[in-house]
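A.B. asks: Sequences listed follow chains A and B, in order. For the record, in the first sequence the residue sitting at position 29 is 29 according to our numbering, with numbers rising by one throughout. Take any residue in the second sequence, count from 1 to its spot, add 115: that is its number in our numbering.
By construction, these hints were calculated from the structure, which means they are not laboratory data. Some clues are possibly wrong.
Taking lysine-lysine pairs in the DSS-like style, the calculated list, with each CA pair at most 27 angstroms apart, reads [unchecked claim]:
#, chain 1, residue 1, chain 2, residue 2
1, B, Lys193, B, Lys126
2, B, Lys172, A, Lys107
3, B, Lys193, A, Lys110
4, B, Lys172, A, Lys49
5, A, Lys49, B, Lys126
6, B, Lys193, A, Lys107
7, A, Lys49, A, Lys61
Covered by chain B, per the in silico footprint, the following chain A stretches (three or more residues, Cβ under 8 angstroms) [unchecked claim]:
#, stretch
8, 29 to 42
9, 45 to 51
10, 101 to 115
Note that the structure is predicted; figures quoted are calculated from it, not measured. Here a beta-carbon is modelled for each residue, glycine too, at the ideal position from N, C-alpha and C.
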Amino acid sequence: AQSVTQPDIHITVSEGASLELRCNYSYGATPYLFWYVQSPGQGLQLLLKYFSGDTLVQGIKGFEAEFKRSQSSFNLRKPSVHWSDAAEYFCAVGTYGGSQGNLIFGKGTKLSVKP
Amino acid sequence: GAGVSQSPRYKVAKRGQDVALRCDPISGHVSLFWYQQALGQGPEFLTYFQNEAQLDKSGLPSDRFFAERPEGSVSTLKIQRTQQEDSAVYLCASSLETGGIYSGNTIYFGEGSWLTVV
Numbered sequence: 001a002q003s004v005t006q007p008d009i010h011i012t013v014s015e016g017a018s019l020e021l022r023c024n025y026s027y028g029a030t031p032y033l034f035w036y037v038q039s040p041g042q043g044l045q046l047l048l049k050y051f052s053g054d055t056l057v058q059g060i061k062g063f064e065a066e067f068k069r070s071q072s073s074f075n076l077r078k079p080s081v082h083w084s085d086a087a088e089y090f091c092a093v094g095t096y097g098g099s100q101g102n103l104i105f106g107k108g109t110k111l112s113v114k115p
Numbered sequence: 116g117a118g119v120s121q122s123p124r125y126k127v128a129k130r131g132q133d134v135a136l137r138c139d140p141i142s143g144h145v146s147l148f149w150y151q152q153a154l155g156q157g158p159e160f161l162t163y164f165q166n167e168a169q170l171d172k173s174g175l176p177s178d179r180f181f182a183e184r185p186e187g188s189v190s191t192l193k194i195q196r197t198q199q200e201d202s203a204v205y206l207c208a209s210s211l212e213t214g215g216i217y218s219g220n221t222i223y224f225g226e227g228s229w230l231t232v233v
């Protein structure tokens, strides 16, 4: 069965420092990949997605992610973190030929930002 | 409305009680999704509608869970005889076109309905 692993449950970074959140997936073919952010009491907001083409994807709020097929990874990066980036981040995968509705989410990584 | 609206935002139900959770998707959106998010977990798929047709209900955990979207807009998720393990946030999402997650359209999530079963 397809799965998504986010190895880091909680990460703390200093404001202005760079950020990388890890995501690994288990799926044989090319997946559809997503990163969402969830602030406390808020709904999920799409940061970026990868379907095909350029493996480096730009998203909103200065985030980017790189699809690496050889490593089955889709890590999220930001060069300089702002205090407002503190939230929970979810990686998700959709499988080609699978259910049109079934996004498989990781368990999330909570990001804390210290001043 | 401007976004996906869910009601009630918070619901406390006694074990065995039936609950109904409502989702108003963005106007004109064809695809509608329901997800369940337990505390400390990522969302898990429940069911998917394309207009009024329920194309996938494979994620519904038991026959106590039922979802409908009779006119292709508002959707209701009903849970009968609630159990403590049903305590979770129920997220509704919608997107513009058919094809669900493969359409390339952004999927917009609501803020969720927080259900606590006591």
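A.B. asks: Look at each hint and say if it fits the structure.
C.D. replies: Tested hints:
| no. | hint | result |
| --- | --- | --- |
| 1 | Lys193(B) with Lys126(B) | holds (13 angstroms) |
| 2 | Lys172(B) with Lys107(A) | holds (22 angstroms) |
| 3 | Lys193(B) with Lys110(A) | violated (31 angstroms) |
| 4 | Lys172(B) with Lys49(A) | holds (25 angstroms) |
| 5 | Lys49(A) with Lys126(B) | violated (33 angstroms) |
| 6 | Lys193(B) with Lys107(A) | holds (25 angstroms) |
| 7 | Lys49(A) with Lys61(A) | holds (14 angstroms) |
| 8 | 29 to 42 | holds (count 4) |
| 9 | 45 to 51 | holds (count 3) |
| 10 | 101 to 115 | holds (count 8) |
Comparing the model with each earlier hint shows violations of hints 3, 5; every other hint is respected.
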